[in-house]
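Asker: One-letter residues, chain by chain:
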Amino acid sequence: MKYELKIKNKVDELSKLPPFVNKVCGDMNLGEEMTMNLNLVLEEAVSNVVLYAYPKGSEDDDIDISATTSDKSIVFVITDRGVAFDPLQVGQVDTTLPADDRQIGGLGIFIIKNIMNELEYQRVEGKNVFILKKVIQSEKN
Amino acid sequence: MELEIIEEEERTIVNLPERIDTVNAQDFEQSIVSVLEKSEGEVVYDARNMNYISSSGLRVMLKSLQTLQSKKVRFSIANMIPSVKHVFDMTGFSNIIPITSK
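Residue numbers (our numbering), protein chains in the order written: chain A, 8 to 148; chain B, 4 to 105.
Careful, some of the hints might be misleading.
[Claimed, not checked] When the alpha-carbon atoms are kept at most 30 Å apart in a straight line, the in silico BS3-like pairs for lysine-lysine are as follows:
hint: 1; chain 1: A; residue 1: LYS17; chain 2: B; residue 2: LYS88
hint: 2; chain 1: A; residue 1: LYS140; chain 2: A; residue 2: LYS23
hint: 3; chain 1: A; residue 1: LYS140; chain 2: A; residue 2: LYS9
hint: 4; chain 1: B; residue 1: LYS66; chain 2: A; residue 2: LYS17
hint: 5; chain 1: A; residue 1: LYS120; chain 2: A; residue 2: LYS23
hint: 6; chain 1: A; residue 1: LYS17; chain 2: A; residue 2: LYS120
hint: 7; chain 1: A; residue 1: LYS13; chain 2: A; residue 2: LYS79
hint: 8; chain 1: B; residue 1: LYS88; chain 2: A; residue 2: LYS23
hint: 9; chain 1: A; residue 1: LYS15; chain 2: A; residue 2: LYS140
hint: 10; chain 1: A; residue 1: LYS140; chain 2: A; residue 2: LYS30
hint: 11; chain 1: A; residue 1: LYS134; chain 2: A; residue 2: LYS30
hint: 12; chain 1: B; residue 1: LYS41; chain 2: B; residue 2: LYS75
hint: 13; chain 1: A; residue 1: LYS120; chain 2: B; residue 2: LYS88
hint: 14; chain 1: A; residue 1: LYS79; chain 2: B; residue 2: LYS88
hint: 15; chain 1: A; residue 1: LYS134; chain 2: A; residue 2: LYS9
hint: 16; chain 1: A; residue 1: LYS9; chain 2: A; residue 2: LYS79
hint: 17; chain 1: A; residue 1: LYS23; chain 2: A; residue 2: LYS79
hint: 18; chain 1: A; residue 1: LYS140; chain 2: A; residue 2: LYS120
hint: 19; chain 1: B; residue 1: LYS88; chain 2: A; residue 2: LYS140
hint: 20; chain 1: A; residue 1: LYS120; chain 2: B; residue 2: LYS66
hint: 21; chain 1: B; residue 1: LYS66; chain 2: A; residue 2: LYS23
hint: 22; chain 1: A; residue 1: LYS13; chain 2: A; residue 2: LYS30
hint: 23; chain 1: A; residue 1: LYS140; chain 2: A; residue 2: LYS79
hint: 24; chain 1: A; residue 1: LYS13; chain 2: A; residue 2: LYS23
hint: 25; chain 1: B; residue 1: LYS88; chain 2: B; residue 2: LYS75
hint: 26; chain 1: B; residue 1: LYS88; chain 2: A; residue 2: LYS30
hint: 27; chain 1: B; residue 1: LYS88; chain 2: B; residue 2: LYS41
No lab work stands behind these hints, which were simulated from the structure alone.
Given only the sequences and the hints, what does the whole structure look like? Please build it.
Answerer: Written out as structure tokens, the structure is:
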């Protein structure tokens, strides 16, 4: 199955993500925790685009999100026309540091890397294309 | 954002909303400014109603911890459901913020 969602480049539009992700996960009979994890991944990935790929605040630009599902995996593709922004190059956070030394940035991509199995970034014809794959082990996962 | 805030002697309890995400994190942060400024003794965030938190929400948790620690006010988060606790574990936040079941 393939699902598609188009949103505008502004923070409020992120509230359109949960219904989209919940529909995809519901159709796949995924459990509550996996559904929450995938909601988290999509929010982190798309909010990075809103916050970093469109620094001029051009709120009318679109962000395209698709989900392609099979028995064994879900592949999300996030496409935007903002400035080149490779989310995989964001610095790693050290999650073992004490509170005072914790850095605020980089947490979103850390969460994405933790939950997803394969990540790929491409810059194609002036577009950022971020591909995120999750392997589904069983129906009840 | 309307938050239920219970002021006890030596302890302030803040009932967290159902979700803290990129959309409402700033609003939530505004709503707890006075708690962070005025509280003495102990602050507890009660997460019983929370079913979702993203990195934007975790940032506010970290700022809360840092602000309260600098004032020597104790801080903990109580009553997390397992999937929310999982996010705190994954990001190492459960190593720095005490998590209790109250």
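Asker: Please go over all the hints and tell whether each is borne out by the structure.
Answerer: Structure-based check of each hint:
1. Distance hint between LYS17(A) and LYS88(B) is fulfilled; the C-alpha atoms sit about 29 Å from each other, no more than 30 Å.
2. Between the alpha carbons of LYS140(A) and LYS23(A) the distance comes to roughly 21 Å, so the proposed pair stays at or under 30 Å and holds.
3. With a C-alpha separation of about 14 Å, the suggested pairing of LYS140(A) with LYS9(A) holds against the 30 Å cut-off.
4. Among the hinted pairs, LYS66(B) with LYS17(A) is consistent with the structure: their alpha-carbon atoms are about 24 Å apart, no more than 30 Å.
5. Distance check on the hinted pair: LYS120(A) and LYS23(A) sit about 23 Å apart at the alpha-carbon level, within 30 Å; holds.
6. Straight-line distance between C-alpha atoms of LYS17(A) and LYS120(A) comes to about 24 Å, which keeps the hinted pair within the 30 Å bound.
7. Using a Cα cut-off of 30 Å, the hinted pair LYS13(A) and LYS79(A) holds, with the two alpha carbons roughly 25 Å apart.
8. For the hint linking LYS88(B) to LYS23(A), the alpha-carbon distance of about 25 Å falls within 30 Å, and the restraint holds.
9. With a CA separation close to 23 Å, the supplied pair LYS15(A) and LYS140(A) stays within the 30 Å bound.
10. At most 30 Å may separate the alpha-carbon atoms for a hinted pair to count; LYS140(A) and LYS30(A) meet this at roughly 17 Å.
11. For a cut-off of 30 Å, the pair hint linking LYS134(A) to LYS30(A) stands: about 27 Å separates their Cα positions.
12. Straight-line distance between C-alpha atoms of LYS41(B) and LYS75(B) comes to about 12 Å, which keeps the hinted pair within the 30 Å bound.
13. Pair hint LYS120(A) plus LYS88(B) holds up; C-alpha atoms about 18 Å apart against a cutoff of 30 Å.
14. Note on LYS79(A) and LYS88(B): the hinted pairing holds, with a Cα-Cα distance of about 27 Å set against a maximum of 30 Å.
15. Straight-line distance between C-alpha atoms of LYS134(A) and LYS9(A) comes to about 21 Å, which keeps the hinted pair within the 30 Å bound.
16. For the hint pairing LYS9(A) with LYS79(A), the CA-to-CA distance comes to about 14 Å; that is within 30 Å, so the pair holds.
17. For the given pair, LYS23(A) sits about 25 Å from LYS79(A) by alpha-carbon distance, which is consistent with the 30 Å threshold.
18. For a cut-off of 30 Å, the pair hint linking LYS140(A) to LYS120(A) stands: about 10 Å separates their Cα positions.
19. Distance restraint check for LYS88(B) and LYS140(A): the Cα-Cα separation of roughly 24 Å lies within the 30 Å cut-off, and the hinted pair is therefore satisfied.
20. Distance check on the hinted pair: LYS120(A) and LYS66(B) sit about 24 Å apart at the alpha-carbon level, within 30 Å; holds.
21. Restraint check: the Cα-Cα separation between LYS66(B) and LYS23(A) comes to about 27 Å, which is no more than 30 Å; the hinted pair holds.
22. As the CA atoms of LYS13(A) and LYS30(A) are separated by approximately 15 Å, the hinted pair is consistent with the 30 Å bound.
23. Between LYS140(A) and LYS79(A) the CA atoms are separated by roughly 10 Å; this keeps the pair inside 30 Å, and the hint holds.
24. Only pairs whose Cα atoms come within 30 Å are accepted, and LYS13(A) paired with LYS23(A) is accepted, the gap being roughly 9 Å.
25. Restraint check for LYS88(B) and LYS75(B): the C-alpha separation of about 25 Å stays at or below 30 Å, so the hint holds.
26. Taken as a hint, the LYS88(B) and LYS30(A) pair is honoured in the structure, with Cα atoms around 24 Å apart against an allowance of 30 Å.
27. Our distance criterion of 30 Å between C-alpha atoms is met by LYS88(B) and LYS41(B), whose separation comes to about 28 Å.
Violated hints: none; the structure is consistent with every hint.
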